[in-house]
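K.L.:
Given chain A's structure and the hints, the job is docking chains B, C and D onto it.
4 protein chains.
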Amino acid sequence: MVIKRMQAIIADFASERDWDQFHTPKNLVMALTGEVGELSEIFQWLTPEQSAAITNDPQGFARVEEEIADVFIYLLRLADVLQVDLIAAAEAKVRVNEQRYPVELARGRTVKHSELR
Amino acid sequence: MVIKRMQAIIADFASERDWDQFHTPKNLVMALTGEVGELSEIFQWLTPEQSAAITNDPQGFARVEEEIADVFIYLLRLADVLQVDLIAAAEAKVRVNEQRYPVELARGRTVKHSELR
Amino acid sequence: MVIKRMQAIIADFASERDWDQFHTPKNLVMALTGEVGELSEIFQWLTPEQSAAITNDPQGFARVEEEIADVFIYLLRLADVLQVDLIAAAEAKVRVNEQRYPVELARGRTVKHSELR
Amino acid sequence: MVIKRMQAIIADFASERDWDQFHTPKNLVMALTGEVGELSEIFQWLTPEQSAAITNDPQGFARVEEEIADVFIYLLRLADVLQVDLIAAAEAKVRVNEQRYPVELARGRTVKHSELR
Numbered sequence: 004m005v006i007k008r009m010q011a012i013i014a015d016f017a018s019e020r021d022w023d024q025f026h027t028p029k030n031l032v033m034a035l036t037g038e039v040g041e042l043s044e045i046f047q048w049l050t051p052e053q054s055a056a057i058t059n060d061p062q063g064f065a066r067v068e069e070e071i072a073d074v075f076i077y078l079l080r081l082a083d084v085l086q087v088d089l090i091a092a093a094e095a096k097v098r099v100n101e102q103r104y105p106v107e108l109a110r111g112r113t114v115k116h117s118e119l120r
Numbered sequence: 004m005v006i007k008r009m010q011a012i013i014a015d016f017a018s019e020r021d022w023d024q025f026h027t028p029k030n031l032v033m034a035l036t037g038e039v040g041e042l043s044e045i046f047q048w049l050t051p052e053q054s055a056a057i058t059n060d061p062q063g064f065a066r067v068e069e070e071i072a073d074v075f076i077y078l079l080r081l082a083d084v085l086q087v088d089l090i091a092a093a094e095a096k097v098r099v100n101e102q103r104y105p106v107e108l109a110r111g112r113t114v115k116h117s118e119l120r
Numbered sequence: 004m005v006i007k008r009m010q011a012i013i014a015d016f017a018s019e020r021d022w023d024q025f026h027t028p029k030n031l032v033m034a035l036t037g038e039v040g041e042l043s044e045i046f047q048w049l050t051p052e053q054s055a056a057i058t059n060d061p062q063g064f065a066r067v068e069e070e071i072a073d074v075f076i077y078l079l080r081l082a083d084v085l086q087v088d089l090i091a092a093a094e095a096k097v098r099v100n101e102q103r104y105p106v107e108l109a110r111g112r113t114v115k116h117s118e119l120r
Numbered sequence: 004m005v006i007k008r009m010q011a012i013i014a015d016f017a018s019e020r021d022w023d024q025f026h027t028p029k030n031l032v033m034a035l036t037g038e039v040g041e042l043s044e045i046f047q048w049l050t051p052e053q054s055a056a057i058t059n060d061p062q063g064f065a066r067v068e069e070e071i072a073d074v075f076i077y078l079l080r081l082a083d084v085l086q087v088d089l090i091a092a093a094e095a096k097v098r099v100n101e102q103r104y105p106v107e108l109a110r111g112r113t114v115k116h117s118e119l120r
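Protein chains in written order, with this note's numbering: chain A, 4 to 120; chain B, 4 to 120; chain C, 4 to 120; chain D, 4 to 120.
Just chain A, with the same shape it has in the complex (with noise of 0.2 Å):
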């Protein structure tokens, strides 16, 4: 599977360079923050508008496209290192929200669903 595969080129390229030591999943959440800090550095100044048309700018564009993979690369390996599996925890997780946010009631609203009943 796609995502298997992905994950043990990380793998290897983690453990070829004797990085598994660093790979705990404390020090992998914070890598994760810093490349979701380098998203956001992107997109801190940019109106709506702006960041819907990004994808018109080759150069702004392939920025994110790198930032967007390398938050995927230590998610990836996070969950590879605690053994989640990100398809079956992402599907459960949609039907949580399905019961958190019925149609009729979550409807263009953006309410918490702690506070939508």
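No wet-lab data here; the hints were simulated from the structure.
Where a beta carbon is used, it is the ideal one built from N, C-alpha and C, also for glycine.
Careful: at least some of the hints might be erroneous.
From chain C, some residues computed to sit far from chain A (all C-beta separations above 12 Å) [claimed, not checked]:
| hint | residue |
| --- | --- |
| 1 | MET4 |
| 2 | ARG8 |
| 3 | ASP15 |
| 4 | ALA17 |
| 5 | ASP21 |
| 6 | ASP23 |
| 7 | ASN59 |
| 8 | PRO61 |
| 9 | GLU69 |
| 10 | VAL97 |
Here are the simulated BS3-like pairs of lysine-lysine, each with C-alpha atoms no more than 25 Å apart in a straight line [what the hints assert, rightly or not]:
| hint | chain 1 | residue 1 | chain 2 | residue 2 |
| --- | --- | --- | --- | --- |
| 11 | C | LYS115 | C | LYS96 |
| 12 | B | LYS96 | A | LYS7 |
| 13 | B | LYS7 | A | LYS7 |
| 14 | D | LYS96 | A | LYS115 |
| 15 | A | LYS7 | A | LYS96 |
| 16 | B | LYS96 | B | LYS115 |
| 17 | A | LYS96 | A | LYS115 |
| 18 | C | LYS96 | B | LYS115 |
| 19 | D | LYS115 | A | LYS115 |
| 20 | C | LYS96 | C | LYS7 |
| 21 | B | LYS96 | C | LYS115 |
| 22 | D | LYS96 | D | LYS115 |
| 23 | D | LYS7 | C | LYS7 |
| 24 | D | LYS96 | C | LYS7 |
| 25 | B | LYS96 | B | LYS7 |
| 26 | D | LYS96 | D | LYS7 |
| 27 | A | LYS96 | B | LYS7 |
| 28 | C | LYS115 | B | LYS115 |
| 29 | A | LYS96 | D | LYS115 |
| 30 | C | LYS96 | D | LYS7 |
P.N.:
Same frame as chain A, now just chains B, C and D:
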């Protein structure tokens, strides 16, 4: 493919609730930040050893799985909205990292590539 | 001085609870991440205009004040543990920024200093 | 007062460059995220002991000081834009925390207040 299928589920979830209007790239990056923050809260006071041992604590592990799922869901959504191919972007970045971090130079070291040579 | 006084209050709070053991710089950076994540969650779906108008919403504003306080408390604690003088560091950085962002070049632009010239 | 004076310096810096238009609360929270991300990158691979010993590494410490300054600058700016009194908000939150974390119950424990009783 499993990633596109998951993105379609999340897109339908948003669309049914008329939430597309909120899902600008900028807003989704902030939502990602919020979820990474929740993941950080789980690990912030743990030692490296405790962070690795969280797999043995069913309650703690369930929280970790849920927060990882939330991060993944927003990352899938962000990539979908921006039309970024997550796997292709991760593969391209791993190739860049292979150039930046040659095995002989990077072994056992955490120095950033710009300071590695 | 008001900052040192506030840091002393927070240090006493931690010490009385035997929490110094948890307050390594690394852990405090993660705690800071968690609080910035909570602040992000308040603003993530707001338009720029709505984000500025949060001062008119007593309930929303109270949440913002509390999260800003949490960020400030962990920043004060981090600076105290590392013996960083917050005001001196901020003054030094403003001087650096004055060099990096000359008024004539930077006016009305959000380009990073490395791309400004 | 030292905080208001620093906020005035930062407000002048922004105003001279016509940057007020970018400094919505939402954008400033994203800028804060970016800076906390850079702080995380410094600490992400360090052990707890190494993170505490960074004060002995002049180069590493200078980076830490600069990133802490950046976080503080954006926090000061955010509080100024929202008219939040940082010291008053921190004092109020410490009082809340004294209620939430009674010394006898919280001693040596990192449990969240909602799970403490």
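K.L.:
Next, verify each hint and record whether it holds.
P.N.:
Going through the hints against the structure:
{"no.": "1", "hint": "MET4", "result": "holds, 30 Å"}
{"no.": "2", "hint": "ARG8", "result": "holds, 30 Å"}
{"no.": "3", "hint": "ASP15", "result": "holds, 28 Å"}
{"no.": "4", "hint": "ALA17", "result": "holds, 20 Å"}
{"no.": "5", "hint": "ASP21", "result": "holds, 21 Å"}
{"no.": "6", "hint": "ASP23", "result": "holds, 19 Å"}
{"no.": "7", "hint": "ASN59", "result": "holds, 18 Å"}
{"no.": "8", "hint": "PRO61", "result": "holds, 15 Å"}
{"no.": "9", "hint": "GLU69", "result": "holds, 15 Å"}
{"no.": "10", "hint": "VAL97", "result": "holds, 19 Å"}
{"no.": "11", "hint": "C:LYS115 - C:LYS96", "result": "holds, 15 Å"}
{"no.": "12", "hint": "B:LYS96 - A:LYS7", "result": "holds, 17 Å"}
{"no.": "13", "hint": "B:LYS7 - A:LYS7", "result": "holds, 16 Å"}
{"no.": "14", "hint": "D:LYS96 - A:LYS115", "result": "holds, 23 Å"}
{"no.": "15", "hint": "A:LYS7 - A:LYS96", "result": "holds, 20 Å"}
{"no.": "16", "hint": "B:LYS96 - B:LYS115", "result": "holds, 15 Å"}
{"no.": "17", "hint": "A:LYS96 - A:LYS115", "result": "holds, 15 Å"}
{"no.": "18", "hint": "C:LYS96 - B:LYS115", "result": "holds, 23 Å"}
{"no.": "19", "hint": "D:LYS115 - A:LYS115", "result": "holds, 21 Å"}
{"no.": "20", "hint": "C:LYS96 - C:LYS7", "result": "holds, 20 Å"}
{"no.": "21", "hint": "B:LYS96 - C:LYS115", "result": "holds, 23 Å"}
{"no.": "22", "hint": "D:LYS96 - D:LYS115", "result": "holds, 15 Å"}
{"no.": "23", "hint": "D:LYS7 - C:LYS7", "result": "holds, 16 Å"}
{"no.": "24", "hint": "D:LYS96 - C:LYS7", "result": "holds, 17 Å"}
{"no.": "25", "hint": "B:LYS96 - B:LYS7", "result": "holds, 20 Å"}
{"no.": "26", "hint": "D:LYS96 - D:LYS7", "result": "holds, 20 Å"}
{"no.": "27", "hint": "A:LYS96 - B:LYS7", "result": "holds, 17 Å"}
{"no.": "28", "hint": "C:LYS115 - B:LYS115", "result": "holds, 21 Å"}
{"no.": "29", "hint": "A:LYS96 - D:LYS115", "result": "holds, 23 Å"}
{"no.": "30", "hint": "C:LYS96 - D:LYS7", "result": "holds, 17 Å"}
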